[in-house]
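The task is simple: from the sequences and hints, build the whole structure.
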Amino acid sequence: MDVFSKFETELAVRPDDIDLYQHVHSTRYLDYVLAARFEQMEKSYGMSMQAFAERGLAWFMATAAIQFKRPLGWGDRMVVRCWIVHFTENGCRVAFEVEKLPNKKRVCDGHCDYTLVTLSTGRATPLPEDVRAKYSI
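Heads up: the sequence shown runs through residues 1485 to 1621, numbered per our numbering.
Treat the hints loosely; a few may be bogus.
Dumping the calculated DSS-like pairs for lysine-lysine here, alpha-carbon to alpha-carbon at most 25 angstroms [to be verified]:
| no. | residue 1 | residue 2 |
| --- | --- | --- |
| 1 | K1618 | K1553 |
| 2 | K1584 | K1553 |
| 3 | K1588 | K1490 |
| 4 | K1490 | K1618 |
| 5 | K1588 | K1553 |
| 6 | K1589 | K1490 |
| 7 | K1584 | K1490 |
For the record, the hints were derived by calculation from the structure and aren't laboratory data.
Right, here's the structure in full:
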């Protein structure tokens, strides 16, 4: 079984993340994971989302699962930790955890399944070996 590196990105709750119940709306947590992944793809893996687009490729989300533990609210800071769980022929599963700072209490965790797609056709494409190698750290 392969073990892949975990990477962390620190983010802050934005005013427009707050819903009418005065906590972060559930849909915003996927935005946090996406923002963290964009940063981690560029800084940690050395292959940004833009690099995929320049090759005519993109990652499309196929599945998202989130287990909520406690809310984030106005002015909170968090760390979003992400890692690859496994690869498939044309994608991967990325697990994530969100922890509130400074106490590092788990806010939520889950995973997203991504499929690599050729932009010109919109169809799934096998993972190139260089991509698998870069992301297998």
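Exercise for the section: Output the numbers, in ascending order, of every earlier hint that fails for this structure. Expected result: Structure breaks hint 1 only.
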